[in-house]
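Asks: I would like the entire structure built from these sequences, with the hints used as guidance.
Those protein sequences? They're chains A and B, same order as listed.
Under the numbering used here, the first residue of the first sequence is numbered 10, with each subsequent residue one higher.
Under the numbering used here, the first residue of the second sequence is numbered 10, with each subsequent residue one higher.
Watch out, some of these pointers could steer you wrong.
A pair holds if it fits inside one copy or across any two, identical chains being indistinguishable in the list.
[Claimed, not checked] Heads up, simulated SDA-like pairs for lysine to any residue below, C-alpha to C-alpha not over 20 Å straight-line:
| no. | residue 1 | residue 2 |
| --- | --- | --- |
| 1 | K223 | G41 |
| 2 | K220 | T31 |
| 3 | K223 | Y117 |
| 4 | K223 | H60 |
| 5 | K223 | R119 |
| 6 | K220 | T184 |
| 7 | K246 | D210 |
| 8 | K246 | S71 |
| 9 | K223 | T120 |
Calculated from the structure, these hints are not laboratory results.
All values reported here derive from a predicted model rather than from experimental measurement.
Number of protein chains: 2
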Amino acid sequence: MPAARPTAAMLVIGDEILSGRTRDANMHHLAGRLTEAGITLGEVRVVSDDHDAIVAAVRALSEAWDTVFTSGGIGPTHDDITADAIGAAFGAAVDVREDARTLLAEHYARTGSELNAARLRMARIPEGATLIDNPVSIAPGFTIRNVHVMAGVPAVFQAMVASVLPTLTGGVPLTSTSTRIDRGEGDIAAPLGALAQDFPDLSMGSYPFQKDGKFGTNVVIRGEDAARVEAATARLKALL
Amino acid sequence: MPAARPTAAMLVIGDEILSGRTRDANMHHLAGRLTEAGITLGEVRVVSDDHDAIVAAVRALSEAWDTVFTSGGIGPTHDDITADAIGAAFGAAVDVREDARTLLAEHYARTGSELNAARLRMARIPEGATLIDNPVSIAPGFTIRNVHVMAGVPAVFQAMVASVLPTLTGGVPLTSTSTRIDRGEGDIAAPLGALAQDFPDLSMGSYPFQKDGKFGTNVVIRGEDAARVEAATARLKALL
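Replies: Shown next as structure tokens:
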């Protein structure tokens, strides 16, 4: 990949993923949106609802990648510790912020619920952060430095991704082709390897599958230059 | 969690997950099997098909956790670089091994395919590793130190997990209950937080959901002592 392409990482905060209770959906959603935006998702980490683990992971990812997205742990209950951990990671104090409190107060007044102490926790934002709009359930996410802190509930996570993405500088979107070949990976590995050497500017991945007892391979060719991707795909089809 | 409970981490090696092409299935499968076995999955990382990224992640996870599982990158094509990266991570030479070559030779003789140079790559195993049985497509995984290196194709990954799990020392399986409460997280946060303080030996997670325009919360209580889990669940139901 050219160095100019912007990069991102994701931190999933959630015991429910690590225990097998929930199958991840947010990572898959974000990966697709970033690819469309021309941003390379370079790494994902999943950690438990543990203060020190979140602090260490946020620091490491924030240093290594252009942008970081987190999901999970910003609700009103005792296990929602993300805001404090993010604050600790960057040495930022965390307290109830008036603009966030106002958003919540108006929302709960409208819906007839009480803005109790638990719900007020969702207005606790690290100093220096900006809020991320949450059109689904109002309680905001926030951005501090290069880290976007978002909810774990998929509908809310997706809405926050939609709020944040237009603020990021995207890269040239990649063009990709997927070619299904009815031969096993072992049969096509040599010509595919040679093709990959002829097109060092493209990425070529091979994904074996098994269907009706037969082996096949999907070959995905990806790159910034659509003409090169087409040329390589044509060569692949002629070869095999 | 008591310190005696064995821990594990997973490293997913795969551009196809990070690009959004494929939704992860292996992490979810492994998380469930480990929970059943009484082993805590503490961290997952997803990295791209990049030598240095794999080396760094394997070393970090191998040091931090009792056991590490990797998935992906052990096939016959040019993008299958896991065996070399794992070897590099532990300073172990990687070469074709006779027992692995024999497995492949017998398999391809049986199925009428050629054991060509590409397929022979799948017999390249780091020095000092032991093989992991692959009843699905024969090409073995391998175990070196505390790292189990397995295929990314879900059917093969699952078969290898089944081969490896009986060799691990499990912990006391956790008992868990899931209680559906038809109130939003913000309404139950205070009593739930108090309950969590009364049962510090248990983990209590709250997972909000939205259905037919109403908010609700699933509360998951988890612990080693089934009687304590039952007692806390009864208290939860009486409270709310």
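Asks: Decide, hint by hint, whether the structure agrees.
Replies: Hint check results:
With identical chains, the CA atoms of K223 and G41 are never at most 20 Å apart, being 29 Å at best within one copy and 29 Å at best between copies. For the homomeric pair K220 and T31, the shortest alpha-carbon distance between copies (17 Å) is at most 20 Å, but the shortest distance inside one copy (28 Å) is not. Taking the closest pair of Cα atoms, K223 and Y117 come within 20 Å of each other only across two copies (14 Å); inside a single copy the shortest separation is 58 Å, beyond that limit. For the identical chains of this complex, K223 and H60 are neighbours neither inside a copy (48 Å) nor across copies (31 Å), given an alpha-carbon limit of 20 Å.
Taking the shortest Cα distances, K223 and R119 sit within 20 Å of each other only across copies (15 Å), while inside one copy they are farther apart (59 Å). For a Cα distance limit of 20 Å, the shortest separation of K220 from T184 qualifies neither inside one copy, at 27 Å, nor across copies, at 38 Å. Within a single copy, K246 and D210 get their C-alpha atoms as close as 19 Å, which meets the 20 Å cut-off; across copies the closest is 60 Å, which misses it. Within a single copy, K246 and S71 get their C-alpha atoms no closer than 41 Å, and across copies no closer than 41 Å, so neither meets the 20 Å cut-off.
Taking identical chains as interchangeable, the C-alpha atoms of K223 and T120 lie at most 20 Å apart only when they sit on different chains, with a minimum of 11 Å there against 57 Å within one chain.
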